[in-house]
Amino acid sequence: MMREATRYFLTTAIDYPNSRPHIGTAFEKIGADVQARFRRMEGYAVHFLMGNDENTIKVSQRAEELRIEPKPYVDEMARQFRKVWAALEISCDDFIQTSEPRHHVGCQKFLQAVSDAGDIYKKAYTGLYCTGCEAFKTEKELVDGRCPNHPNTPLRAVQEENYFFRLSAFGDRLLAHYRANPEFIQPESRRNEILNLVESGLQDISITRKGFSWGIPVPFDPEQTIYVWFDALLNYITAIGYGTDEARFRSLWPADVHVIGKDITRFHCALWPAMLMSAGLPLPRRVFGHGFVYNKGAKISKSAGTAIDPMDVFRIHGADAFRYYFMRECPFNGDGNFSEERFAEVYNADLANNLGNLYSRTLSMCIKYFDGRLEGSSAIEPDAWLAGLDLSALVADLREKIGDFEYHVALQRIWLEVLGAANRYIDATAPFRLAKTDRAACKVALVNLAEALRVIAILIKPFLPRTAEIFYRAFNFEQSQAWDRVSFGDVPARPAVPDWHVTAALVGGKPAPLFPKIEVKGPDA
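Residue numbering for the sequence shown is -5 to 519, as defined by our numbering.
Don't read these hints as lab results, they were simulated from the structure.
Model, not experiment: these values are computed from the prediction.
A few of these clues could be false.
[Claimed, not checked] Calculated pairs, BS3-like style, for lysine-lysine (alpha carbon to alpha carbon, straight line, at most 30 Å): (1) Lys204 - Lys103; (2) Lys116 - Lys204; (3) Lys116 - Lys77; (4) Lys395 - Lys290; (5) Lys116 - Lys52; (6) Lys131 - Lys290; (7) Lys515 - Lys504; (8) Lys204 - Lys131; (9) Lys103 - Lys116; (10) Lys511 - Lys77; (11) Lys204 - Lys52; (12) Lys65 - Lys103; (13) Lys290 - Lys511; (14) Lys290 - Lys515; (15) Lys131 - Lys117; (16) Lys65 - Lys131; (17) Lys504 - Lys430; (18) Lys52 - Lys290; (19) Lys65 - Lys77; (20) Lys65 - Lys52; (21) Lys290 - Lys77; (22) Lys52 - Lys256; (23) Lys256 - Lys77; (24) Lys116 - Lys131; (25) Lys117 - Lys204; (26) Lys117 - Lys103; (27) Lys103 - Lys131; (28) Lys134 - Lys256; (29) Lys117 - Lys52; (30) Lys362 - Lys504; (31) Lys430 - Lys362; (32) Lys256 - Lys395; (33) Lys256 - Lys290; (34) Lys134 - Lys116; (35) Lys65 - Lys134; (36) Lys117 - Lys134; (37) Lys362 - Lys511; (38) Lys204 - Lys134; (39) Lys77 - Lys52; (40) Lys65 - Lys290.
Start from the sequences, fold in the hints, and give me the full structure.
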């Protein structure tokens, strides 16, 4: 799985800022962030790109509704998006706004290159336009005469003279690339969809609109602006220097993975690679199309009114609880569901009763029975619970699962095999009884539980970064390995610290509860 090159460039889809992000948007960003954090732990020089798609009709319409100019509107929305992502511990390295000059310069350079290659022409066009998708729709894409992704948004008949991209000319080259690079489109179900799409024949697409003041002018025809999808896809290269800093662009491109929703795979897996082929640029190594999150069975959508503001969830229960639920309960390569009832069940069972309880019990017993100091810790051999686990094999499997975006499987293994074993170990050894009858045996048990916290901290770091750091800093493990430098390879190696002691922040002499239980109201409440 590891490549020789140490750099790793991943991106997410950029978002329409016509309203605040919903939990479906957050699902994608968390999934990409887990990958970015994992790759950093593995020694990669990660560049993680996110952003907002601002040169759109729906954005200009929203600004007009609010009676402000588009640019101040998108800048304020970008500030709000960044605030949400920061609260969710999303560790992106760059956030591009497509209204930025760096994007405009790069887009115009790219369009000129594609035009010079002979892949752009002008013609009159009549078609049905979906403002929800910001895309023209063919009859075969419709369900009962409506866009399947935005069934409540009426299609508009549009007749214009625009510039077109010769997408139809790239079908054979795209199919050859898919066959030569089977990992280019993942998961497999998305690959099959795109193969069917391209094999059925591609149509040339309109890439400009006439008469719109908000957008990027076509360099060879200022009356036309570059169409949203042709413009938006270019953020992946304009953000890293295409058109403005060639050396930086060459150092980062091609992207290692584009993380996107399954509803926009045709743009990223057919249109985007064809655009790059035309311009003579390398293709991204992988496109991963994640599934949807449903709200009690209904697709989450701003236009359908089923969107849930992530701030409403994690301002109460914390970012890590939010991250855990979506990465554990919603397969990233499939679909998942969110409901307040299920969130409370998972939170109480996995976080409050399991993870949080292990932390509180371990620290409380160390403080109560040994004043927080476990002298001679490194000389104590691992006890049965840890010795019975093949941590090297576990780490190898987790690396594979996380690298393949199978986050729910990775978390399931951590909870079942590591947390489950540690909690069973407490019940079997009963340190609270040993403290009265055999203090040496009690210390051995607590040293093993402290080691469990260290192992768990490292394994959950990509998923629950704040909780993982609290676990790691609960004892003086940093004397052996700094937190920001730990990797999965450190899991099997116990720290060479002779005397472990509790370094966690205490409230009233006790560890603060990490995940206070959610009180679930009964049906008659």
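Exercise for review: Measure nothing beyond the straight line between the CA atoms of Lys65 and Lys52; if it is 30 Å or shorter, mark the hint as holding.
Suggested key: 13 Å, holds
Check your understanding: Holds or violated: Lys204 with Lys103, Cα cutoff 30 Å?
Key -> With Cα atoms ~19 Å apart, Lys204 and Lys103 stay inside 30 Å; holds.
Review point. Within 30 Å, alpha carbon to alpha carbon, are Lys65 and Lys290?
Key: Since the Cα atoms of Lys65 and Lys290 sit roughly 36 Å apart, the hinted pair is violated (cutoff 30 Å).
Practice item. Compare the distance between the alpha carbons of Lys515 and Lys504 with 30 Å, and conclude whether the hinted pair is satisfied. Key: 28 Å, holds
**Study point:** Restraint status (C-alpha distance of Lys256 to Lys395 at most 30 Å)
**Key:** Holds, at about 20 Å.
Review point. Is Lys134 within 30 Å of Lys256, Cα to Cα?
Key: 18 Å, holds
Review point. Taking 30 Å as the top limit, are the C-alpha atoms of Lys256 and Lys77 close enough?
Key: Since the Cα atoms of Lys256 and Lys77 sit roughly 26 Å apart, the hinted pair holds (cutoff 30 Å).
Practice item. Starting from Lys103, check that the Cα of Lys116 is at most 30 Å away, please. Key: Measuring from Cα to Cα gives roughly 18 Å; hence the hint holds.
**Study point:** Straight-line alpha-carbon gap Lys131 to Lys117, limit 30 Å
**Key:** Status holds; Cα separation ~17 Å.
**Study point:** Pairwise hint evaluation, Lys290 against Lys256, where the allowed Cα distance is 30 Å at most
**Key:** 20 Å, holds
Check your understanding: Keeping to a limit of 30 Å between CA atoms, is the pair of Lys134 and Lys116 held or broken?
Key -> Roughly 24 Å separates the two Cα atoms, so the pair holds.
Check your understanding: Between Lys77 and Lys52, does the CA-CA distance stay at or below 30 Å?
Key -> 22 Å, holds
Of the numbered hints listed earlier, those contradicted by the structure are 3, 35, 40.
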